[in-house]
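Chemist: Listed here are the chains, written in short residue letters.
Protein chains: 2
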Amino acid sequence: MAISLARQAGEVISLPKNPSDMFSVVAHRLGITPAAARFEKHAEVYWEDGPADHVYQVVSGAIRNYKLLSDGRCQITAFYLPGDVFGYDGEDQRQTSADAIADTSVRTVKRRLLENAATSDLTVAHYLLDLATENLKHQRDQIILLGRKTAAERVAAFLLEMDSRLKGDESMPLPMCRRDIGDYLGLTLETVSRVLSLLHGAGVLDFAGARHITLRNRTQLLSMEH
Amino acid sequence: MAISLARQAGEVISLPKNPSDMFSVVAHRLGITPAAARFEKHAEVYWEDGPADHVYQVVSGAIRNYKLLSDGRCQITAFYLPGDVFGYDGEDQRQTSADAIADTSVRTVKRRLLENAATSDLTVAHYLLDLATENLKHQRDQIILLGRKTAAERVAAFLLEMDSRLKGDESMPLPMCRRDIGDYLGLTLETVSRVLSLLHGAGVLDFAGARHITLRNRTQLLSMEH
DNA sequence: CGGTACCTTGAGCGGCTTCAACTCAAGTGG
DNA sequence: CCACTTGAGTTGAAGCCGCTCAAGGTACCG
Chain A
0 MAISLARQAG
10 EVISLPKNPS
20 DMFSVVAHRL
30 GITPAAARFE
40 KHAEVYWEDG
50 PADHVYQVVS
60 GAIRNYKLLS
70 DGRCQITAFY
80 LPGDVFGYDG
90 EDQRQTSADA
100 IADTSVRTVK
110 RRLLENAATS
120 DLTVAHYLLD
130 LATENLKHQR
140 DQIILLGRKT
150 AAERVAAFLL
160 EMDSRLKGDE
170 SMPLPMCRRD
180 IGDYLGLTLE
190 TVSRVLSLLH
200 GAGVLDFAGA
210 RHITLRNRTQ
220 LLSMEH
Chain P
0 MAISLARQAG
10 EVISLPKNPS
20 DMFSVVAHRL
30 GITPAAARFE
40 KHAEVYWEDG
50 PADHVYQVVS
60 GAIRNYKLLS
70 DGRCQITAFY
80 LPGDVFGYDG
90 EDQRQTSADA
100 IADTSVRTVK
110 RRLLENAATS
120 DLTVAHYLLD
130 LATENLKHQR
140 DQIILLGRKT
150 AAERVAAFLL
160 EMDSRLKGDE
170 SMPLPMCRRD
180 IGDYLGLTLE
190 TVSRVLSLLH
200 GAGVLDFAGA
210 RHITLRNRTQ
220 LLSMEH
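Residue numbers (numbering that gives the first Met the number 0), protein chains in the order written: chain A, 0 to 225; chain P, 0 to 225.
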């Protein structure tokens with residue numbers, strides 16, 4: 000079990016730019032194969048106060064990461080889509096819960112394995128840093144959105160975010176319901192629905208069923224987002 | 000996160016738990032002395048779209064980090080108080096602005112120096128990761144607050160945060176004005192003022208001038224926080 | 001089909017914002 | 001030492017955006 004990861008000072012390894020590739024790189028460097036796992040729709044991946052034992056990468060499906068207040072209010076902090084790495088935030092105990100919003104398959108590695116590797120392997124350490132940096136950026140944008148944007152601006156931002164992350168041919172196949180969108184944007188599901196109807200009426204988007212949206216005017220959405 | 004790291008086989012370096020001490024550790028390891036700098040009240044430290052050349056640590060005073068929307072709406076993402084390290088988020092271009100809300104002195108190191116060190120020195124790499132992790136945690140809490148908490152809950156959370164970070168003898172000497180508190184909490188300055196008056200009336204806190212607040216009932220604030 | 005979860009739409013309400021007036025404290029110059 | 005100015009804070013009144021509550025419609029899946 001003696002896998003040597005030590006690198007000499009000064010050796011720099013070229014890295015994929017995208018932390019999404021962490022699993023491949025780490026697996027290769029550690030000589031391990033990430034475990035595959037499946038979560039059915041509504042299955043919990045982890046929950047608040049539970050142990051943070053694993054790190055995950057979505058292969059297919061979708062995950063929501065959220066926190067509940069004692070009275071049932073819910074804030075979704077992130078949606079994880081195919082390619083996204085999630086479940087690592089440097090803490091031993093989960094601060095949020097996560098569950099599958101569609102049948103989802105993931106790859107996982109043990110967090111301890113990752114962190115052990117990071118104590119002796121600069122490549123892995125840098126990957127964790129890049130991962131944290133990406134999350135910081137996303138959370139910062141979310142703070143601006145939640146603190147200072149109107150309902151219409153929030154929904155516009157959401158549509159553009161999903162447009163860039165979900166690559167359907169024509170229409171976006173949204174994996175989440177209106178309530179989830181609301182809980183992500185700090186709104187109610189009714190407000191989300193109303194804004195979407197408004198945008199539809201304005202010709203900014205088309206529906207093919209509530210979950211399949213086609214953007215017709217990204218420019219206007221961008222100007223709405225602020 | 001492990002606080003002892005193998006540098007070479009056998010050698011283990013014990014690290015301060017707190018990223019606040021990064022400057023001392025990094026300086027020692029790099030054999031450099033962080034530069035001292037002063038910013039008068041209202042002076043800009045950096046601004047959006049500017050280059051991210053330096054990392055800072057507050058010695059005394061206070062800094063606000065914020066983002067402006069095109070129409071003047073402002074969201075403050077963080078206040079930095081003595082001991083806090085700020086200005087590192089892994090990006091080349093600033094995504095936010097920062098200025099001094101009081102006369103402030105800081106220590107700085109060049110970001111490139113830090114990042115160079117991090118490519119060959121695991122101790123430094125881990126410090127950057129710890130720093131990012133702390134920020135992630137703070138931002139996550141802020142997202143819950145901005146997305147789902149009421150005005151009273153936000154102000155209660157703010158008071159408790161400042162209570163734990165500003166260690167005055169009795170009363171907290173707040174460095175920021177009501178507008179800044181509002182821009183941090185996603186509220187208007189009037190709403191902040193009203194909630195504070197309400198809490199004062201309820202005996203939860205006392206004033207010694209608007210900027211000096213003494214908490215009389217932390218238990219109630221904790222229960223209000225949600 | 002029929003059931004059920006999801007979505008849309010309407011009407012009324014309420015919490016926070018907006019606008020405005022007033023108070024207070026600190027700094028300046030006569 | 002006081003009149004004046006200026007920035008900050010408090011408080012009130014009115015308005016609005018998003019929420020709540022409710023009813024009806026739609027799509028998916030057995």
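Do not rely on the hints blindly, as some may be mistaken.
Said to hold, decoys possible - For lysine-lysine, the following DSS-like pairs were computed, each having C-alpha atoms within a straight-line distance of at most 27 Å:
1. P:K136 x A:K136
2. A:K166 x A:K136
3. P:K136 x P:K166
4. P:K40 x A:K109
5. A:K136 x P:K109
Stated by the list, open to error - Below, a sample of chain A positions facing chain P; criterion: calculated Cβ distance under 8 Å:
6. V24
7. R28
8. K66
9. T76
10. L80
11. P81
12. L121
13. A124
14. H125
15. L135
16. I142
17. R164
What the hints assert, rightly or not - Here are a few chain P residues that sit away from chain A, every Cβ distance over 10 Å (derived from the structure):
18. H27
19. R72
20. R147
21. L197
By construction, these hints were calculated from the structure, which means they are not laboratory data. No residue lacks a Cβ here, since even glycine has one placed at the ideal position from N, Cα and C.
Chemist: Now tell me if each hint is right for this structure.
Modeler: Hints, one by one, checked against the model:
no. : hint            : result
1   : P:K136 x A:K136 : holds (13 Å)
2   : A:K166 x A:K136 : holds (21 Å)
3   : P:K136 x P:K166 : holds (21 Å)
4   : P:K40 x A:K109  : violated (48 Å)
5   : A:K136 x P:K109 : holds (21 Å)
6   : V24             : violated (16 Å)
7   : R28             : violated (15 Å)
8   : K66             : holds (5 Å)
9   : T76             : holds (6 Å)
10  : L80             : violated (19 Å)
11  : P81             : violated (23 Å)
12  : L121            : holds (6 Å)
13  : A124            : holds (4 Å)
14  : H125            : holds (7 Å)
15  : L135            : holds (6 Å)
16  : I142            : holds (6 Å)
17  : R164            : violated (18 Å)
18  : H27             : holds (17 Å)
19  : R72             : violated (5 Å)
20  : R147            : violated (5 Å)
21  : L197            : holds (20 Å)
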